[in-house]
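Q: Residue numbers (the working numbering), protein chains in the order written: chain A, 1 to 243; chain B, 1 to 243.
Don't read these hints as lab results, they were simulated from the structure.
Please note: incorrect hints may appear among the correct ones.
You can't tell identical chains apart in this list, so a pair holds if it fits in one copy or across any two.
Said to hold, decoys possible - Straight-line distance between alpha carbons at most 20 Å, and here's what the computed SDA-like set of lysine to any residue pairs gives:
| no. | residue 1 | residue 2 |
| --- | --- | --- |
| 1 | K187 | G242 |
| 2 | K126 | S59 |
| 3 | K169 | D93 |
| 4 | K170 | H14 |
| 5 | K31 | S59 |
| 6 | K31 | S202 |
| 7 | K141 | T78 |
| 8 | K17 | I162 |
| 9 | K126 | E157 |
| 10 | K187 | F241 |
| 11 | K31 | S200 |
| 12 | K141 | E225 |
| 13 | K31 | S3 |
| 14 | K57 | T92 |
| 15 | K31 | E201 |
| 16 | K16 | E208 |
| 17 | K17 | N193 |
| 18 | K169 | T158 |
| 19 | K141 | K170 |
| 20 | K189 | L219 |
| 21 | K183 | Q239 |
| 22 | K141 | S108 |
| 23 | K141 | E201 |
| 24 | K126 | G222 |
There are 2 protein chains.
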Amino acid sequence: MFSKAQITETKKLHQKKYRKEYGQFIVEGLKGVQEAIDANAKIVSIFATQAVRHEIKISKDLVIETITETEGQKMTNTETFPGVMAIISIPTDQKFSHGPIVCLDRVSDPGNMGTIIRTADWFGIKNILISEDSVDPYNPKVVRSSMGSIFHTSIIETENLIEALRELKKNKYNIVSLAMEGKDISKIKVENNTVYVFGSESHGVREEILELGDSYSILGHGDAESLNVAVSVGITLNQVFGK
Amino acid sequence: MFSKAQITETKKLHQKKYRKEYGQFIVEGLKGVQEAIDANAKIVSIFATQAVRHEIKISKDLVIETITETEGQKMTNTETFPGVMAIISIPTDQKFSHGPIVCLDRVSDPGNMGTIIRTADWFGIKNILISEDSVDPYNPKVVRSSMGSIFHTSIIETENLIEALRELKKNKYNIVSLAMEGKDISKIKVENNTVYVFGSESHGVREEILELGDSYSILGHGDAESLNVAVSVGITLNQVFGK
């Protein structure tokens with residue numbers, strides 16, 4: 001049986017403030033939890049209902065605590081508790097490997113951020129750099145829409161993106177931004193040491209960042225004013241890495 | 001002043017059943033409502049708060065009814081009423097123009113469907129064909145995430161997609177499906193009379209549809225199992241129409 005206090009403590013992790021304080025976040029659902037286990041994420045605890053617990057493949061010394069549907073429903077961030085959730089330690093030692101970086105400047109929609117992490121992972125890009133004023137990558141909606149890719153990628157949140165990009169530029173990285181006004185994206189050059197910067201849908205990439213390198217645009221000829229940012233990331237990464 | 005009955009009637013349109021019965025749907029927010037006006041959609045009524053009503057540019061004989069924040073909040077589908085909403089007649093005379101068709105087979109996520117309509121519109125594709133078991137394209141979340149593109153496109157919901165596609169094939173359309181196993185998407189041929197079919201993330205395009213034409217895949221080399229369907233649509237359309 002779960003105590004009321006345990007439920008209250010767990011639910012706190014739906015709030016950014018407590019995720020930062022505790023250094024933990026929640027992943028819900030069989031696929032997400034299984035990805036966390038398989039990717040060797042630092043798992044604090046796993047709670048599952050009797051019905052779902054047998055479907056989890058455990059490869060190491062992990063204990064699954066059994067909970068009831070009702071207890072799960074009290075702790076979930078979704079409409080219907082998916083039968084299993086895990087508390088994971090937020091990695092504090094994230095490091096970028098060699099290779100390209102996907103960078104987000106002020107992306108505030110959690111569904112978009114999760115989809116972008118998933119898309120980067122699809123194209124084999126493991127380095128994600130996030131600006132100070134983007135949504136928290138450990139927000140439950142980001143975690144869910146990343147479909148497990150949050151456990152395959154290194155995510156670094158910077159406190160000053162402009163400074164971080166200037167530093168990368170000094171270290172021979174090219175800074176490539178996606179913007180409304182830029183060169184045709186089919187002209188984009190494939191180079192390993194490149195940071196691909198995508199901005200928020202409402203404000204785009206900041207001017208100071210655009211100035212650090214080249215800008216490219218996705219050409220359309222219809223009547224929509226803009227593309228969704230996750231769609232733009234997909235198009236750009238396919239253009240560069242899709243062949 | 002708005003009567004309780006008016007509020008109840010309006011709120012009904014958040015449900016598919018009543019949208020079908022009344023042949024009407026709701027668009028909320030300044031951008032969406034303005035797009036409806038500019039695209040000459042059949043507007044039944046517009047409600048706006050005192051603060052927002054002056055921002056709406058009306059080009060024809062339309063009356064804006066003033067409502068309070070509280071009345072708006074009672075009728076909205078969003079967390080915070082964006083100050084303006086309009087009731088629109090669902091077009092009953094949608095026809096496809098010449099040219100390519102974007103087709104959705106069992107796409108159930110409203111955010112994805114709206115983003116797909118917006119993406120098609122960006123690339124100048126005005127024909128959207130939707131399978132019988134997809135989400136209702138006049139669902140508030142579809143309307144919102146289409147960012148006005150729902151007013152620039154012809155959307156046809158078929159009661160039997162397989163039959164509809166066989167008919168199109170008889171009329172010399174190519175049927176091109178995006179699938180997990182297919183030819184490299186960079187090999188896709190550009191032809192005007194083509195239907196591009198995208199399936200649900202969980203089930204993909206149905207086998208009977210795949211058999212009607214060629215299948216293509218987006219090549220990845222990372223660890224994600226799949227791409228978001230709206231991202232796949234963006235990549236495919238950019239590949240064919242982006243140059």
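Q: If a hint holds in the structure, say so; if it doesn't, say that too.
A: Structure-based check of all given hints:
no., hint, in the structure
1, K187 x G242, "both (14 Å within a copy, 12 Å between copies)"
2, K126 x S59, "neither (24 Å within a copy, 50 Å between copies)"
3, K169 x D93, "neither (22 Å within a copy, 55 Å between copies)"
4, K170 x H14, "neither (38 Å within a copy, 53 Å between copies)"
5, K31 x S59, "within (15 Å within a copy, 51 Å between copies)"
6, K31 x S202, "between (32 Å within a copy, 12 Å between copies)"
7, K141 x T78, "both (9 Å within a copy, 17 Å between copies)"
8, K17 x I162, "neither (25 Å within a copy, 50 Å between copies)"
9, K126 x E157, "within (14 Å within a copy, 40 Å between copies)"
10, K187 x F241, "both (13 Å within a copy, 15 Å between copies)"
11, K31 x S200, "between (29 Å within a copy, 17 Å between copies)"
12, K141 x E225, "between (26 Å within a copy, 18 Å between copies)"
13, K31 x S3, "neither (27 Å within a copy, 48 Å between copies)"
14, K57 x T92, "neither (26 Å within a copy, 51 Å between copies)"
15, K31 x E201, "between (29 Å within a copy, 14 Å between copies)"
16, K16 x E208, "neither (28 Å within a copy, 46 Å between copies)"
17, K17 x N193, "neither (34 Å within a copy, 53 Å between copies)"
18, K169 x T158, "within (15 Å within a copy, 52 Å between copies)"
19, K141 x K170, "neither (35 Å within a copy, 44 Å between copies)"
20, K189 x L219, "both (17 Å within a copy, 19 Å between copies)"
21, K183 x Q239, "both (13 Å within a copy, 17 Å between copies)"
22, K141 x S108, "both (12 Å within a copy, 18 Å between copies)"
23, K141 x E201, "both (18 Å within a copy, 17 Å between copies)"
24, K126 x G222, "between (33 Å within a copy, 9 Å between copies)"
Hint compliance for this structure: hints 2, 3, 4, 8, 13, 14, 16, 17, 19 are not met, and every other hint is.
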